[in-house]
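S.K.: Fit chain Y to the given chain V structure using the hints.
Heads up: the protein sequence lines correspond to chains V and Y, in order.
So the first sequence is numbered by this note's numbering: it starts at 182 and just counts up by one.
So the second sequence is numbered by this note's numbering: it starts at 182 and just counts up by one.
Hints were generated in silico from the structure; no laboratory data involved.
Remember, it's a predicted structure, so these values are computed and weren't measured experimentally.
Any given hint could turn out to be false.
A pair holds if it fits inside one copy or across any two, identical chains being indistinguishable in the list.
Derived BS3-like pairs (lysine-lysine); straight-line CA-CA distance at most 27 Å [to be verified]: (1) Lys269 <-> Lys339; (2) Lys276 <-> Lys233; (3) Lys183 <-> Lys364; (4) Lys188 <-> Lys366; (5) Lys364 <-> Lys341; (6) Lys305 <-> Lys364; (7) Lys189 <-> Lys293.
2 protein chains.
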Amino acid sequence: MKQSISKKTIVYPHPVFVIGSYDIDGLPNIMTASWSGICCSEPPCIAVSLRKSRYSYENILFNKAFTVNIPSEDYVQQVDYIGIYSGKYVNKFQKTGLTPLDSNTVKAPYVKEFPVSLHCELLKTVEIGIHTQFIGEIMDVLVDEEVMNLDGTLMIEKIKPYIYDSSTRAYYGFGRRLIDAFKAK
Amino acid sequence: MKQSISKKTIVYPHPVFVIGSYDIDGLPNIMTASWSGICCSEPPCIAVSLRKSRYSYENILFNKAFTVNIPSEDYVQQVDYIGIYSGKYVNKFQKTGLTPLDSNTVKAPYVKEFPVSLHCELLKTVEIGIHTQFIGEIMDVLVDEEVMNLDGTLMIEKIKPYIYDSSTRAYYGFGRRLIDAFKAK
Numbered sequence: 182m183k184q185s186i187s188k189k190t191i192v193y194p195h196p197v198f199v200i201g202s203y204d205i206d207g208l209p210n211i212m213t214a215s216w217s218g219i220c221c222s223e224p225p226c227i228a229v230s231l232r233k234s235r236y237s238y239e240n241i242l243f244n245k246a247f248t249v250n251i252p253s254e255d256y257v258q259q260v261d262y263i264g265i266y267s268g269k270y271v272n273k274f275q276k277t278g279l280t281p282l283d284s285n286t287v288k289a290p291y292v293k294e295f296p297v298s299l300h301c302e303l304l305k306t307v308e309i310g311i312h313t314q315f316i317g318e319i320m321d322v323l324v325d326e327e328v329m330n331l332d333g334t335l336m337i338e339k340i341k342p343y344i345y346d347s348s349t350r351a352y353y354g355f356g357r358r359l360i361d362a363f364k365a366k
Numbered sequence: 182m183k184q185s186i187s188k189k190t191i192v193y194p195h196p197v198f199v200i201g202s203y204d205i206d207g208l209p210n211i212m213t214a215s216w217s218g219i220c221c222s223e224p225p226c227i228a229v230s231l232r233k234s235r236y237s238y239e240n241i242l243f244n245k246a247f248t249v250n251i252p253s254e255d256y257v258q259q260v261d262y263i264g265i266y267s268g269k270y271v272n273k274f275q276k277t278g279l280t281p282l283d284s285n286t287v288k289a290p291y292v293k294e295f296p297v298s299l300h301c302e303l304l305k306t307v308e309i310g311i312h313t314q315f316i317g318e319i320m321d322v323l324v325d326e327e328v329m330n331l332d333g334t335l336m337i338e339k340i341k342p343y344i345y346d347s348s349t350r351a352y353y354g355f356g357r358r359l360i361d362a363f364k365a366k
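Extracted from the complex, chain V is given alone in its bound form (with noise of 0.2 Å):
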């Protein structure tokens, strides 16, 4: 039996990525954000809904770059201090004791702990309730060597990523390899 929960931003999963950027003085900034996914295949874009309150959207406006961070749950602690509190009153990196690196490709700060993190430009913003939507094209991706197939592809096993599930307000790490996908006849 179906039953209605009403009208609430509830999907399995929400990622949970760290946005870096600077501040109009150049120093770095983090904030975890979860209103995020991959929305376009080439160019190669990605999408990061923020309210117009917080401090990283000034500064993704002013550097038109930020940079997308997938931390690992050895971080979760961590990157659940950096969802909460705000860069105008805290230095995050300083109080999580992260590292700020430059990226080469855009003007923003991206988190060297982290294995995997991408490096947009800001391609458009587009305004639709209390969020707006930055598109960022994604320029280049870093990954940890330690991270990194010979092949080139990325092992899940060591990133481990994990998920928010918004509904009990927890993160869940991720489980097993279930099937290959684009198989299926």
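M.R.: Then chain Y, alone, in the frame of chain V:
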């Protein structure tokens, strides 16, 4: 050591959603989509990117509505099939044995067997590149009673959502609960 893998649409996790729509003859169709994510809290909205060549593209424009269905891993084979073949040539409900039900709120079908479905009105379209992004306002969410806790939250353990790994092209289940969100100090 970081290594560039160039411009790729690789993030962890990609979601696996099944998009429901009616074609211009009123026949229900489903497609699998991973270029998607929540994009606004108020109004609650979800973005789904489609290529113009997809059968669902015209369907959604015609009816100004679609559903986003969250499959359980029990249906991973069927959903893989739904992502490969086009509704132009095959009735995917019939082929997979899944059951289309009429949404009470929008002009789109949803999948009876899947535990969660979002019922969306098309709010706007955004041209990006080879993909067009459909932004849907979530008008209702239906869930199976069996996956609901008494307090109205949902049981991820019973929903059994899964994720797509675009690097090795495989599906993975979700794993263990890590920590509660929004508690870090």
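S.K.: Next, verify each hint and record whether it holds.
M.R.: Going down the list of hints, with the structure as the test:
| no. | hint | verdict |
| --- | --- | --- |
| 1 | Lys269 <-> Lys339 | neither (33 Å within a copy, 40 Å between copies) |
| 2 | Lys276 <-> Lys233 | within (24 Å within a copy, 46 Å between copies) |
| 3 | Lys183 <-> Lys364 | neither (31 Å within a copy, 32 Å between copies) |
| 4 | Lys188 <-> Lys366 | neither (36 Å within a copy, 31 Å between copies) |
| 5 | Lys364 <-> Lys341 | both (25 Å within a copy, 21 Å between copies) |
| 6 | Lys305 <-> Lys364 | neither (35 Å within a copy, 33 Å between copies) |
| 7 | Lys189 <-> Lys293 | between (35 Å within a copy, 19 Å between copies) |
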